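*Asks:* Sequence:
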Amino acid sequence: MDQQLQVFVTVAEKKNFTRAAEKLHMTQPAVSQYIRQLEEEIGTRLLERTNKYVRLNKAGEIVYHHAKEILGIYTKMQHLVDDLIHQTKGSLSIGASFTFGEYVLPQLIAQLRHTYPDIQASVLIGNTAKIADLVMAHQLDIGIVEGAFEGKQLKERKFAKDAMYIIASANHVLVKQEKVTQADLEKEMWIIREQGSGTREATISMLQDIGISPKEQMTFSSTQSIKQAVEAGLGITLLSKWAVQKELKAGDLKIIFVQGLPFYRSFSIITRSPFQTKALEVFVTLLENNDLYQSYYS
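Counting along the sequence shown from 1, when you hit position 232 you're at 232 in our numbering, and nothing is skipped either side.
Derived from the structure by calculation, the hints contain no laboratory data. Treat each hint with caution, since some may be false.
Stated by the list, open to error - With a Cα cut of at most 20 Å, we get these calculated SDA-like pairs of lysine to any residue: (1) LYS68 <-> VAL9; (2) LYS14 <-> ASN51; (3) LYS176 <-> GLU194.
As the list claims (entries may be wrong) - Derived DEER-like restraints, expressed as beta-carbon distance ranges: (4) GLN208 <-> GLU40: 54 to 62 Å; (5) GLN294 <-> PRO274: 27 to 35 Å; (6) ALA170 <-> PRO117: 40 to 48 Å; (7) SER213 <-> THR44: 47 to 55 Å; (8) ARG55 <-> GLY233: 39 to 47 Å.
If you're wondering where the values come from, they're calculated on a predicted model, not measured in any experiment. A virtual CB, placed ideally from N, CA and C, is assigned to each residue, including glycine.
Based on the provided sequences and hints, a complete structural model is requested.
*Replies:* This is how it looks when you write it as C-alpha coordinates:
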(Lines of atoms letter the chains of each structure in order from A; the text may use other names.)
(Lines give C-alpha, C1' and ligand atoms only; values in the text may rest on other atoms or scores of the structure.)
Protein backbone atom coordinates (compact mmCIF):
# COMPACT_ATOMS: atom_id res chain seq x y z
CA MET A 1 0.00 0.00 0.00
CA ASP A 2 2.82 2.43 0.77
CA GLN A 3 4.17 2.09 -2.79
CA GLN A 4 0.70 2.73 -4.20
CA LEU A 5 0.34 5.82 -2.05
CA GLN A 6 3.79 7.12 -3.09
CA VAL A 7 2.90 6.69 -6.76
CA PHE A 8 -0.50 8.31 -6.25
CA VAL A 9 0.98 11.34 -4.42
CA THR A 10 3.62 11.79 -7.14
CA VAL A 11 1.00 11.68 -9.93
CA ALA A 12 -1.18 14.15 -8.03
CA GLU A 13 1.72 16.57 -7.54
CA LYS A 14 3.15 16.24 -11.06
CA LYS A 15 -0.37 16.26 -12.64
CA ASN A 16 1.00 13.99 -15.32
CA PHE A 17 1.66 10.24 -15.56
CA THR A 18 4.78 10.61 -17.70
CA ARG A 19 6.44 13.14 -15.39
CA ALA A 20 5.50 11.03 -12.36
CA ALA A 21 7.03 7.94 -13.98
CA GLU A 22 10.26 9.86 -14.67
CA LYS A 23 10.52 11.01 -11.05
CA LEU A 24 9.81 7.52 -9.71
CA HIS A 25 12.16 5.86 -12.27
CA MET A 26 9.29 3.66 -13.42
CA THR A 27 7.54 3.02 -16.70
CA GLN A 28 4.28 4.84 -17.38
CA PRO A 29 2.29 1.55 -17.61
CA ALA A 30 3.61 0.59 -14.16
CA VAL A 31 2.46 3.93 -12.74
CA SER A 32 -0.97 3.45 -14.31
CA GLN A 33 -1.19 -0.05 -12.83
CA TYR A 34 -0.45 1.21 -9.31
CA ILE A 35 -3.14 3.87 -9.66
CA ARG A 36 -5.69 1.31 -10.89
CA GLN A 37 -4.89 -1.00 -7.97
CA LEU A 38 -5.28 1.81 -5.46
CA GLU A 39 -8.58 2.93 -6.97
CA GLU A 40 -9.84 -0.66 -6.83
CA GLU A 41 -8.89 -0.95 -3.16
CA ILE A 42 -10.45 2.42 -2.29
CA GLY A 43 -13.54 1.58 -4.35
CA THR A 44 -13.75 4.69 -6.52
CA ARG A 45 -11.86 6.75 -9.08
CA LEU A 46 -9.46 9.27 -7.56
CA LEU A 47 -8.21 11.13 -10.63
CA GLU A 48 -9.80 12.94 -13.53
CA ARG A 49 -7.86 12.19 -16.71
CA THR A 50 -7.84 14.05 -20.04
CA ASN A 51 -5.28 14.37 -22.82
CA LYS A 52 -4.07 17.64 -21.27
CA TYR A 53 -4.04 17.01 -17.54
CA VAL A 54 -4.52 14.69 -14.58
CA ARG A 55 -6.13 16.17 -11.49
CA LEU A 56 -7.68 15.06 -8.22
CA ASN A 57 -11.42 14.68 -7.85
CA LYS A 58 -13.13 15.08 -4.45
CA ALA A 59 -12.31 11.52 -3.36
CA GLY A 60 -8.77 12.00 -4.61
CA GLU A 61 -8.32 15.12 -2.50
CA ILE A 62 -9.28 13.15 0.62
CA VAL A 63 -6.90 10.29 -0.21
CA TYR A 64 -4.08 12.71 -1.10
CA HIS A 65 -4.36 14.57 2.22
CA HIS A 66 -4.20 11.36 4.26
CA ALA A 67 -1.61 9.73 2.00
CA LYS A 68 0.80 12.60 2.71
CA GLU A 69 0.32 12.09 6.44
CA ILE A 70 0.72 8.30 6.21
CA LEU A 71 3.89 8.57 4.14
CA GLY A 72 5.30 11.13 6.57
CA ILE A 73 4.72 8.75 9.49
CA TYR A 74 6.19 5.83 7.52
CA THR A 75 9.34 7.81 6.69
CA LYS A 76 9.77 8.89 10.30
CA MET A 77 9.35 5.29 11.49
CA GLN A 78 12.01 4.11 9.04
CA HIS A 79 14.46 6.80 10.20
CA LEU A 80 13.92 5.88 13.86
CA VAL A 81 14.64 2.21 13.15
CA ASP A 82 17.68 3.10 11.04
CA ASP A 83 19.02 5.23 13.91
CA LEU A 84 19.35 2.14 16.08
CA ILE A 85 22.18 0.81 13.95
CA HIS A 86 23.54 3.72 11.93
CA GLN A 87 25.28 7.03 12.43
CA THR A 88 23.48 10.37 12.55
CA LYS A 89 22.19 10.88 9.04
CA GLY A 90 19.04 10.94 6.96
CA SER A 91 16.44 13.51 6.03
CA LEU A 92 15.19 16.27 8.31
CA SER A 93 12.22 18.43 7.31
CA ILE A 94 12.23 21.79 9.08
CA GLY A 95 9.48 24.40 9.03
CA ALA A 96 10.01 27.94 10.27
CA SER A 97 8.00 31.12 10.46
CA PHE A 98 9.27 33.98 8.34
CA THR A 99 11.44 35.91 10.81
CA PHE A 100 13.37 32.91 12.08
CA GLY A 101 13.35 31.07 8.76
CA GLU A 102 14.68 33.95 6.68
CA TYR A 103 17.08 35.68 9.06
CA VAL A 104 18.37 33.10 11.58
CA LEU A 105 17.82 29.57 10.24
CA PRO A 106 20.26 29.72 7.28
CA GLN A 107 23.22 30.16 9.64
CA LEU A 108 22.02 27.25 11.78
CA ILE A 109 21.62 24.99 8.74
CA ALA A 110 25.19 25.86 7.71
CA GLN A 111 26.43 24.85 11.18
CA LEU A 112 24.40 21.63 11.03
CA ARG A 113 25.76 20.81 7.58
CA HIS A 114 29.34 21.42 8.71
CA THR A 115 29.05 19.14 11.76
CA TYR A 116 26.72 16.49 10.31
CA PRO A 117 27.22 16.38 6.52
CA ASP A 118 25.10 13.23 6.17
CA ILE A 119 21.93 14.97 7.36
CA GLN A 120 19.84 16.14 4.38
CA ALA A 121 17.86 19.08 5.69
CA SER A 122 14.94 20.61 3.79
CA VAL A 123 13.34 23.88 4.83
CA LEU A 124 9.86 25.26 4.36
CA ILE A 125 9.08 28.84 5.41
CA GLY A 126 5.55 30.03 6.11
CA ASN A 127 3.52 31.83 8.73
CA THR A 128 3.08 30.32 12.19
CA ALA A 129 -0.34 28.83 11.46
CA LYS A 130 0.84 27.05 8.31
CA ILE A 131 3.92 25.58 9.98
CA ALA A 132 1.86 24.29 12.92
CA ASP A 133 -0.62 22.65 10.52
CA LEU A 134 2.17 20.85 8.64
CA VAL A 135 3.79 19.58 11.85
CA MET A 136 0.35 18.32 12.94
CA ALA A 137 0.01 16.47 9.61
CA HIS A 138 3.46 14.80 10.02
CA GLN A 139 4.69 16.63 6.91
CA LEU A 140 7.37 18.43 8.93
CA ASP A 141 9.61 16.89 11.60
CA ILE A 142 9.92 20.16 13.51
CA GLY A 143 8.56 23.68 13.42
CA ILE A 144 10.17 26.88 14.72
CA VAL A 145 7.53 29.51 15.29
CA GLU A 146 6.64 32.63 17.19
CA GLY A 147 3.21 33.47 18.56
CA ALA A 148 0.22 31.33 19.42
CA PHE A 149 -1.15 28.44 17.36
CA GLU A 150 -3.80 25.75 17.66
CA GLY A 151 -2.85 22.12 18.09
CA LYS A 152 -3.27 20.32 21.40
CA GLN A 153 -1.32 17.32 20.09
CA LEU A 154 1.79 19.41 19.49
CA LYS A 155 4.66 19.61 21.94
CA GLU A 156 5.88 23.18 22.41
CA ARG A 157 9.12 24.32 24.03
CA LYS A 158 10.27 27.95 24.16
CA PHE A 159 13.98 28.28 23.45
CA ALA A 160 14.87 31.85 22.41
CA LYS A 161 13.85 35.49 22.76
CA ASP A 162 13.32 38.00 19.97
CA ALA A 163 13.54 41.78 20.45
CA MET A 164 11.14 43.81 18.28
CA TYR A 165 11.25 47.55 17.55
CA ILE A 166 9.09 50.14 15.81
CA ILE A 167 10.75 50.78 12.45
CA ALA A 168 10.43 53.73 10.05
CA SER A 169 12.16 55.14 6.99
CA ALA A 170 15.44 56.98 7.61
CA ASN A 171 13.90 60.41 7.03
CA HIS A 172 10.66 59.86 8.95
CA VAL A 173 9.76 62.76 11.22
CA LEU A 174 9.34 60.51 14.30
CA VAL A 175 12.90 59.21 13.96
CA LYS A 176 14.25 62.70 14.65
CA GLN A 177 11.67 63.55 17.30
CA GLU A 178 13.10 63.55 20.83
CA LYS A 179 9.93 62.25 22.48
CA VAL A 180 7.34 60.15 20.64
CA THR A 181 3.86 60.12 22.16
CA GLN A 182 0.91 57.73 21.84
CA ALA A 183 -0.90 60.36 19.76
CA ASP A 184 2.06 60.49 17.35
CA LEU A 185 1.96 56.75 16.82
CA GLU A 186 -1.82 56.62 16.43
CA LYS A 187 -1.69 59.10 13.52
CA GLU A 188 0.65 56.89 11.51
CA MET A 189 -0.20 54.26 8.94
CA TRP A 190 0.81 50.89 10.44
CA ILE A 191 2.09 48.22 8.08
CA ILE A 192 1.33 44.77 9.52
CA ARG A 193 1.49 41.11 8.53
CA GLU A 194 -1.42 38.87 7.53
CA GLN A 195 -3.68 36.72 9.72
CA GLY A 196 -1.83 33.67 11.08
CA SER A 197 1.49 35.49 11.31
CA GLY A 198 3.37 35.56 14.60
CA THR A 199 4.65 39.04 13.75
CA ARG A 200 1.07 40.28 13.35
CA GLU A 201 0.16 38.79 16.73
CA ALA A 202 3.18 40.49 18.32
CA THR A 203 2.23 43.82 16.73
CA ILE A 204 -1.32 43.65 18.09
CA SER A 205 -0.01 42.72 21.56
CA MET A 206 2.50 45.57 21.50
CA LEU A 207 -0.12 48.13 20.48
CA GLN A 208 -2.35 46.97 23.32
CA ASP A 209 0.55 47.08 25.79
CA ILE A 210 1.41 50.71 25.03
CA GLY A 211 -2.26 51.68 24.76
CA ILE A 212 -2.67 52.89 21.19
CA SER A 213 -5.22 52.21 18.46
CA PRO A 214 -3.90 53.18 15.00
CA LYS A 215 -6.35 54.96 12.73
CA GLU A 216 -4.96 53.30 9.59
CA GLN A 217 -3.53 49.85 8.93
CA MET A 218 -2.30 48.11 5.79
CA THR A 219 -1.59 44.37 5.51
CA PHE A 220 1.31 42.76 3.66
CA SER A 221 2.05 39.04 3.36
CA SER A 222 5.84 39.12 3.79
CA THR A 223 8.46 40.82 5.92
CA GLN A 224 10.42 41.86 2.84
CA SER A 225 7.46 43.71 1.32
CA ILE A 226 6.82 45.44 4.66
CA LYS A 227 10.43 46.65 4.80
CA GLN A 228 10.19 48.03 1.28
CA ALA A 229 6.88 49.76 2.03
CA VAL A 230 8.30 51.35 5.18
CA GLU A 231 11.49 52.41 3.43
CA ALA A 232 9.33 54.07 0.76
CA GLY A 233 7.63 56.12 3.47
CA LEU A 234 4.26 54.37 3.36
CA GLY A 235 4.08 53.92 7.14
CA ILE A 236 5.71 52.41 10.21
CA THR A 237 5.86 48.85 11.49
CA LEU A 238 7.00 46.53 14.27
CA LEU A 239 9.72 44.10 13.24
CA SER A 240 12.31 41.85 14.79
CA LYS A 241 15.74 43.42 14.95
CA TRP A 242 16.96 40.29 13.17
CA ALA A 243 14.82 41.20 10.16
CA VAL A 244 16.23 44.72 9.76
CA GLN A 245 19.90 44.32 10.71
CA LYS A 246 21.21 45.07 7.21
CA GLU A 247 18.87 48.02 6.65
CA LEU A 248 19.72 49.53 10.03
CA LYS A 249 23.43 49.17 9.33
CA ALA A 250 23.03 50.75 5.89
CA GLY A 251 20.92 53.58 7.29
CA ASP A 252 17.90 52.79 5.08
CA LEU A 253 15.64 52.15 8.08
CA LYS A 254 15.68 53.57 11.59
CA ILE A 255 14.30 52.65 15.01
CA ILE A 256 11.67 54.89 16.58
CA PHE A 257 12.56 54.81 20.26
CA VAL A 258 9.44 54.54 22.41
CA GLN A 259 9.14 54.02 26.15
CA GLY A 260 8.35 50.40 26.96
CA LEU A 261 10.12 48.98 23.93
CA PRO A 262 11.66 46.76 22.67
CA PHE A 263 8.79 44.29 22.72
CA TYR A 264 9.94 40.75 23.46
CA ARG A 265 8.41 37.58 22.12
CA SER A 266 9.60 33.98 22.24
CA PHE A 267 10.59 31.50 19.57
CA SER A 268 9.22 27.99 20.17
CA ILE A 269 10.11 24.53 18.95
CA ILE A 270 7.04 22.45 18.03
CA THR A 271 6.97 18.73 17.31
CA ARG A 272 4.30 16.07 17.25
CA SER A 273 5.94 12.66 17.47
CA PRO A 274 7.05 11.54 20.95
CA PHE A 275 10.14 10.00 19.30
CA GLN A 276 13.10 11.85 17.81
CA THR A 277 15.42 10.67 15.09
CA LYS A 278 19.12 11.32 15.74
CA ALA A 279 19.03 13.97 13.03
CA LEU A 280 16.21 15.81 14.81
CA GLU A 281 17.86 15.33 18.19
CA VAL A 282 21.14 16.98 17.15
CA PHE A 283 19.27 19.83 15.44
CA VAL A 284 17.22 20.55 18.58
CA THR A 285 20.43 20.58 20.62
CA LEU A 286 21.93 23.04 18.13
CA LEU A 287 18.86 25.28 18.45
CA GLU A 288 18.87 25.30 22.23
CA ASN A 289 22.61 25.87 22.69
CA ASN A 290 23.30 28.45 19.98
CA ASP A 291 24.65 31.94 20.70
CA LEU A 292 23.09 33.56 17.61
CA TYR A 293 20.16 34.72 19.73
CA GLN A 294 19.25 35.27 23.36
CA SER A 295 18.29 32.13 25.22
CA TYR A 296 14.73 32.05 26.56
CA TYR A 297 16.12 30.95 29.92
CA SER A 298 18.79 33.61 30.27
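*Asks:* Decide, hint by hint, whether the structure agrees.
*Replies:* Tested hints:
no.	hint	in the structure
1	LYS68 <-> VAL9	holds (7 Å)
2	LYS14 <-> ASN51	holds (15 Å)
3	LYS176 <-> GLU194	violated (29 Å)
4	GLN208 <-> GLU40: 54 to 62 Å	holds (57 Å)
5	GLN294 <-> PRO274: 27 to 35 Å	holds (29 Å)
6	ALA170 <-> PRO117: 40 to 48 Å	holds (42 Å)
7	SER213 <-> THR44: 47 to 55 Å	holds (53 Å)
8	ARG55 <-> GLY233: 39 to 47 Å	holds (45 Å)
In terms of the numbered hints stated before, the structure departs from hint 3 and from no other.
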